[in-house]
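Here is what each chain is made of, one letter per residue.
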Amino acid sequence: MSHAHDAHDEHDPLADLRDASRDRLLTEIGMLRKQNGAAELAAAKREVLASRDAVYGMSAELGELRAQLKTDVKNARQAMMQAPTWRVGAFVLRPLNLAKRLLRKK
Amino acid sequence: MPRFSIVTPVYNPPAKALKACIKSVRKQNFDDWEWCIVDDCSTQPHVRRILSRFAAKDARIRVMHRSQNGGIVAASQDGLDMAIGEFVALLDHDDVIAKHALWRVNEELRSDETIDYLYTDEDKIDAQGRHYDVFRKPEFDPIRLRGQNYCCHFSVFRNSLLDEIGGFREGFDGSQDYDLILRATERARKVAHIPRILYHWRVVPGSAAGDVHAKPYAYDAGKKAVESHFARQGISATVAKLNPGSYQHRFNSTQLSVKPLVSIVIPTRGDTSRIWGAATCMVENTVNTILKKTTYPSFEIVVVRDVNTDGTMVHPFNVPNAKNVSCIDFYEDFNIAAKWNVGVLASRGEIVVVLDDDTQIASPDWLEQLVGQFQFRNVGAVGPLLQLEDGRLYSAGVSLRPKPRHVSRGESSNHIGWMGIHSVARTVTAVGGSCMAFRRSAFDEVGGFSENYQYMYADIDFCLKLNSINLATVWTPEAKVYHFDARTRGASTADGDQTQFEKRWGRLSGQDAYTRGNA
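Chains as they are written, first to last, in the numbering used here: chain A, 1 to 106; chain B, 107 to 625.
Just so you know, the hints here were simulated from the structure itself, not pulled from any lab data.
All residues carry an ideal CB built from backbone N, CA and C; glycine is no exception.
One should not assume that every hint holds.
Said to hold, decoys possible - Pair ranges (Cβ atoms, derived):
id: 1; chain 1: A; residue 1: Ala-99; chain 2: B; residue 2: Asn-484; range: 52 to 62 Å
id: 2; chain 1: B; residue 1: Thr-415; chain 2: A; residue 2: Ala-67; range: 41 to 51 Å
id: 3; chain 1: A; residue 1: Leu-14; chain 2: B; residue 2: Thr-415; range: 16 to 26 Å
id: 4; chain 1: A; residue 1: Leu-93; chain 2: B; residue 2: Ile-522; range: 58 to 68 Å
id: 5; chain 1: B; residue 1: Lys-205; chain 2: A; residue 2: Arg-94; range: 30 to 40 Å
id: 6; chain 1: A; residue 1: Glu-28; chain 2: B; residue 2: Gly-516; range: 56 to 66 Å
id: 7; chain 1: A; residue 1: Leu-93; chain 2: B; residue 2: Asp-269; range: 46 to 56 Å
id: 8; chain 1: A; residue 1: Met-80; chain 2: B; residue 2: Lys-347; range: 55 to 65 Å
id: 9; chain 1: B; residue 1: Leu-397; chain 2: A; residue 2: Ile-29; range: 31 to 41 Å
To be verified - Listed next, the in silico DSS-like pairs over lysine-lysine satisfying Cα-Cα at most 30 Å (straight line):
id: 10; chain 1: B; residue 1: Lys-205; chain 2: B; residue 2: Lys-122
id: 11; chain 1: B; residue 1: Lys-365; chain 2: A; residue 2: Lys-45
id: 12; chain 1: B; residue 1: Lys-586; chain 2: B; residue 2: Lys-429
id: 13; chain 1: B; residue 1: Lys-509; chain 2: A; residue 2: Lys-70
id: 14; chain 1: B; residue 1: Lys-205; chain 2: A; residue 2: Lys-105
id: 15; chain 1: B; residue 1: Lys-163; chain 2: B; residue 2: Lys-230
id: 16; chain 1: B; residue 1: Lys-133; chain 2: B; residue 2: Lys-230
id: 17; chain 1: B; residue 1: Lys-609; chain 2: A; residue 2: Lys-74
id: 18; chain 1: A; residue 1: Lys-74; chain 2: B; residue 2: Lys-509
id: 19; chain 1: B; residue 1: Lys-125; chain 2: B; residue 2: Lys-321
id: 20; chain 1: A; residue 1: Lys-70; chain 2: B; residue 2: Lys-296
id: 21; chain 1: B; residue 1: Lys-122; chain 2: B; residue 2: Lys-133
id: 22; chain 1: B; residue 1: Lys-347; chain 2: B; residue 2: Lys-586
id: 23; chain 1: B; residue 1: Lys-347; chain 2: B; residue 2: Lys-365
id: 24; chain 1: B; residue 1: Lys-609; chain 2: B; residue 2: Lys-509
id: 25; chain 1: B; residue 1: Lys-586; chain 2: B; residue 2: Lys-398
id: 26; chain 1: B; residue 1: Lys-133; chain 2: B; residue 2: Lys-163
id: 27; chain 1: B; residue 1: Lys-129; chain 2: B; residue 2: Lys-230
id: 28; chain 1: B; residue 1: Lys-122; chain 2: B; residue 2: Lys-321
id: 29; chain 1: B; residue 1: Lys-609; chain 2: A; residue 2: Lys-45
id: 30; chain 1: B; residue 1: Lys-230; chain 2: B; residue 2: Lys-122
id: 31; chain 1: B; residue 1: Lys-125; chain 2: B; residue 2: Lys-230
id: 32; chain 1: B; residue 1: Lys-429; chain 2: A; residue 2: Lys-45
id: 33; chain 1: B; residue 1: Lys-329; chain 2: B; residue 2: Lys-296
id: 34; chain 1: B; residue 1: Lys-347; chain 2: B; residue 2: Lys-230
id: 35; chain 1: B; residue 1: Lys-321; chain 2: B; residue 2: Lys-129
id: 36; chain 1: B; residue 1: Lys-330; chain 2: B; residue 2: Lys-586
id: 37; chain 1: A; residue 1: Lys-105; chain 2: B; residue 2: Lys-133
id: 38; chain 1: B; residue 1: Lys-429; chain 2: B; residue 2: Lys-399
id: 39; chain 1: B; residue 1: Lys-347; chain 2: B; residue 2: Lys-321
id: 40; chain 1: B; residue 1: Lys-347; chain 2: B; residue 2: Lys-330
Take the sequences, apply the hints, and build the full model.
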C-alpha cells in the first residue's frame, strides 16, 4: 500500500505533457528542433573544419615525406660514391672521361 | 649593355677608404660591370686625383665631376642617369664589397628572371679593417621594412624598375635609399635575398654606420619616406621616430577605414591564481580589464568554459552580464585547439582574437593595433608583444630555430633587441595562441586549429597552414598584453603533440626565415 502511495507521489515527467495543450506541445517541439538543429549545425561545422585541417595536414605530411625522400636519396648517393667499387670504377674510367671532355671542347 | 652599373656618389671620403672601395670593385671575379662615380664637388684634392687615376686605368670606371655640390640625392640621381646597365647596384664611397659579390648576385638573378630587387647580408668594418656587427637578415619582410631600412646594403635594382619609379627623390636626403627601396619593393615582381655577407659598411667618424646620431636629418627623411609609403598604400597610420633608424606606425579608431566586429575567444577553466600578489580569478580579471580598458568600438567576448557532465562549472566564476559577453559550455576532455574552435564557431566577428585566460591587456588600443595590420595585403594572423608579470618579454613572436620557441623570452621589454627587432612590427613564422588575431575567412579556409594537438603546437601549426596559402603572420610591439605564463593549467607538455608537429612540419624545424643570426 505504502509502496503504491510512494509511486504516486513521484514526479512523472510525462504527466505534465499528457495534460498540455496542443499549441504548447507544438511550441516546445519547435524549440527542441531548433536547439538540436543548432547543435547539429555546430557539430557539422566542426567536422568541416576537421576535414579541411586533415587536407592541409596531409599536404604538409606529403611535403615532409618528400623532404625526407630527398635527404635519403642524397645520403644514398653519397654512400654509393664513397663505396670502393664506385671509386675503382671512377679511377679506371678517368682517362676515358678526360678524352670525352677534350673532344667536347673541340 | 653591361650587366651591372654600380652607382657611387662621392664627397670627400678619406683617401685610404676610397682606394679600398675602388680596389674591392676592380677585384671582382665578375667582369661585366660599369661604375658610375659622381664626385659631388669634393673639396679635398685627393678625391679628384684618385678618381682620375683609376678612371684612366680602367675604361669601365666613368667619373662625372659636378660643377657644384648638390647633396647626396642629386649626386646619386646623376649616377642613375649615367647608368646603362641592366641592373643598378648602390655602393657608398668608403664601403667595400666582397670579391665575389657581383658574381653571386648575378647567379641569383640568373636563377629567376622576375627578380627586380635584391639585397644581401652585411657587416661593419672599422678603421683597422676589423669586421663586426654581422647582420644576418631575414627573408624579404615588407612589414619590417616599414619600421626600418633593414635591406640597406648591398642593394641591387633592375634599371627598368628605377626608370619606372623615377629614381631618387629630392627631400629625402640621408634616407634617399630607404625611400627608393620602399618604392621599388611596392612595384617589384619579386624581391630576393642572398643570405651571404657581400657588403662591408665602413665606420668612420661622422658616418651613420658609426654614430646613429650623426645625421639627425636622415631620420626625419626616413619618417617622411614611411609616411609617403603609407599614403601610396592608401592606409592611414601615425608614423613616429623611435630609436634612430626605426619608425613605429600606430593606428587609431578614426584612422581605420573599416572597424570590423572583433570576437575575443577566451577558453577557461575558471582558475584562481596570484597576480601581483593578489589572489585573482584569472578569467574574471581578463574579461573585466578588456571591458574596462579597450578603446576599440566594436567587439564581443566569448568565454569557453569547462563544465562537468552535470552542467556545473569546474571552477565557478562570474563574468559581467553585458550585451557583448557570452559563455559557451565545453564538456569535452581538455584540448586547447577544440576549445578555440568551439569558441570561434560560436562567435560572429570578422576578426577573431584567441586569448588565454591568464592574460591582461596592457595597452588600451591593443585591438586597433592588431586589426590595423589586417589592412595590409596577405596578412593572416597578428600577435602582440606579450609581457611577463615583471615586465620582461614573454614573446616577440615564435621562431622554429633551433626548435619552436618564443623569440626574446625573458629579455627586457625596454631593450630594442638585436637590430631593433623588439621595436618594430615584423613578419614572424608564428605567434602564440596566448593572444592571436586572425581573419575568420582564413580560419575557415585552413580548417581552424588542428585538434590533433592537445596542449601545444596547434597555434604554430595554424600559422604554418596560413603560410602555406601565402598569408603572413605579423608580430607588433604596438599592442601589449601581459601573460601570466601557464598559471591556469600548469606547464603541460605532450610528447604526442611534438610527434604530430614533426610529422607535419619537421622539415622546417631548425631553420627560420625571419630569425637568423642573433635574434
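Hints, verified against the model:
Checked against the hint of 52 to 62 Å, the pair Ala-99 of chain A and Asn-484 of chain B passes, with Cβ atoms roughly 55 Å apart. With their beta carbons about 44 Å apart, Thr-415 of chain B and Ala-67 of chain A fall inside the hinted range of 41 to 51 Å. At roughly 24 Å, the beta carbons of Leu-14 of chain A and Thr-415 of chain B sit within the given window of 16 to 26 Å. Separation of Leu-93 of chain A from Ile-522 of chain B is about 60 Å and conforms to the stated range, judged on CB atoms against 58 to 68 Å.
The hinted window of 30 to 40 Å between Lys-205 of chain B and Arg-94 of chain A holds, with their beta carbons roughly 32 Å apart. Checking the proposed 56 to 66 Å range against Glu-28 of chain A and Gly-516 of chain B shows it holds: the Cβ atoms sit about 58 Å from each other. Taking the beta carbon of each, Leu-93 of chain A and Asp-269 of chain B are about 53 Å apart, inside 46 to 56 Å as hinted. Checking the proposed 55 to 65 Å range against Met-80 of chain A and Lys-347 of chain B shows it holds: the Cβ atoms sit about 59 Å from each other.
Remark: the range hint 31 to 41 Å for Leu-397 of chain B to Ile-29 of chain A is upheld by a beta-carbon distance near 39 Å. Under the criterion of a C-alpha separation no larger than 30 Å, the hint pairing Lys-205 of chain B with Lys-122 of chain B is consistent with the structure, at around 18 Å. Between the alpha carbons of Lys-365 of chain B and Lys-45 of chain A the distance comes to roughly 26 Å, so the proposed pair stays at or under 30 Å and holds. Taken as a hint, the Lys-586 of chain B and Lys-429 of chain B pair is honoured in the structure, with Cα atoms around 26 Å apart against an allowance of 30 Å.
Restraint check for Lys-509 of chain B and Lys-70 of chain A: the C-alpha separation of about 22 Å stays at or below 30 Å, so the hint holds. Distance restraint check for Lys-205 of chain B and Lys-105 of chain A: the Cα-Cα separation of roughly 29 Å lies within the 30 Å cut-off, and the hinted pair is therefore satisfied. Of the pairs offered as hints, the one joining Lys-163 of chain B and Lys-230 of chain B holds, with about 29 Å between alpha carbons and a cut-off of 30 Å not exceeded. The straight-line distance between the Cα atoms of Lys-133 of chain B and Lys-230 of chain B is roughly 20 Å, inside the 30 Å bound, and the hint therefore holds.
Distance check on the hinted pair: Lys-609 of chain B and Lys-74 of chain A sit about 20 Å apart at the alpha-carbon level, within 30 Å; holds. Proposed proximity of Lys-74 of chain A and Lys-509 of chain B is supported: the alpha carbons are some 24 Å apart, at most 30 Å. A hinted pair counts as satisfied when its Cα atoms are at most 30 Å apart, and Lys-125 of chain B with Lys-321 of chain B qualifies at roughly 24 Å. Between the alpha carbons of Lys-70 of chain A and Lys-296 of chain B the distance comes to roughly 27 Å, so the proposed pair stays at or under 30 Å and holds.
Between Lys-122 of chain B and Lys-133 of chain B the CA atoms are separated by roughly 16 Å; this keeps the pair inside 30 Å, and the hint holds. Between Lys-347 of chain B and Lys-586 of chain B the alpha-carbon distance is near 19 Å, which keeps this suggested pair within the 30 Å criterion. Taking the CA atoms of Lys-347 of chain B and Lys-365 of chain B, the gap is about 26 Å. The hint holds against a cut of 30 Å. A hinted pair counts as satisfied when its Cα atoms are at most 30 Å apart, and Lys-609 of chain B with Lys-509 of chain B qualifies at roughly 14 Å.
Our distance criterion of 30 Å between C-alpha atoms is met by Lys-586 of chain B and Lys-398 of chain B, whose separation comes to about 16 Å. Between the alpha carbons of Lys-133 of chain B and Lys-163 of chain B the distance comes to roughly 13 Å, so the proposed pair stays at or under 30 Å and holds. With a C-alpha separation of about 18 Å, the suggested pairing of Lys-129 of chain B with Lys-230 of chain B holds against the 30 Å cut-off. Note on Lys-122 of chain B and Lys-321 of chain B: the hinted pairing holds, with a Cα-Cα distance of about 23 Å set against a maximum of 30 Å.
With a CA separation close to 26 Å, the supplied pair Lys-609 of chain B and Lys-45 of chain A stays within the 30 Å bound. Restraint check for Lys-230 of chain B and Lys-122 of chain B: satisfied, since their Cα atoms lie roughly 16 Å apart, inside the 30 Å limit. Distance hint between Lys-125 of chain B and Lys-230 of chain B is fulfilled; the C-alpha atoms sit about 17 Å from each other, no more than 30 Å. As the CA atoms of Lys-429 of chain B and Lys-45 of chain A are separated by approximately 25 Å, the hinted pair is consistent with the 30 Å bound.
For the hint linking Lys-329 of chain B to Lys-296 of chain B, the alpha-carbon distance of about 25 Å falls within 30 Å, and the restraint holds. With a C-alpha separation of about 24 Å, the suggested pairing of Lys-347 of chain B with Lys-230 of chain B holds against the 30 Å cut-off. With a C-alpha separation of about 28 Å, the suggested pair Lys-321 of chain B and Lys-129 of chain B falls inside the 30 Å cut-off, and the hint holds. Note on Lys-330 of chain B and Lys-586 of chain B: the hinted pairing holds, with a Cα-Cα distance of about 26 Å set against a maximum of 30 Å.
For the hint pairing Lys-105 of chain A with Lys-133 of chain B, the CA-to-CA distance comes to about 29 Å; that is within 30 Å, so the pair holds. A distance of roughly 17 Å separates the Cα atoms of Lys-429 of chain B and Lys-399 of chain B; the hinted pair therefore holds under the 30 Å criterion. Distance hint between Lys-347 of chain B and Lys-321 of chain B is fulfilled; the C-alpha atoms sit about 14 Å from each other, no more than 30 Å. Restraint check: the Cα-Cα separation between Lys-347 of chain B and Lys-330 of chain B comes to about 10 Å, which is no more than 30 Å; the hinted pair holds.
The structure meets every hint from the earlier list without exception.
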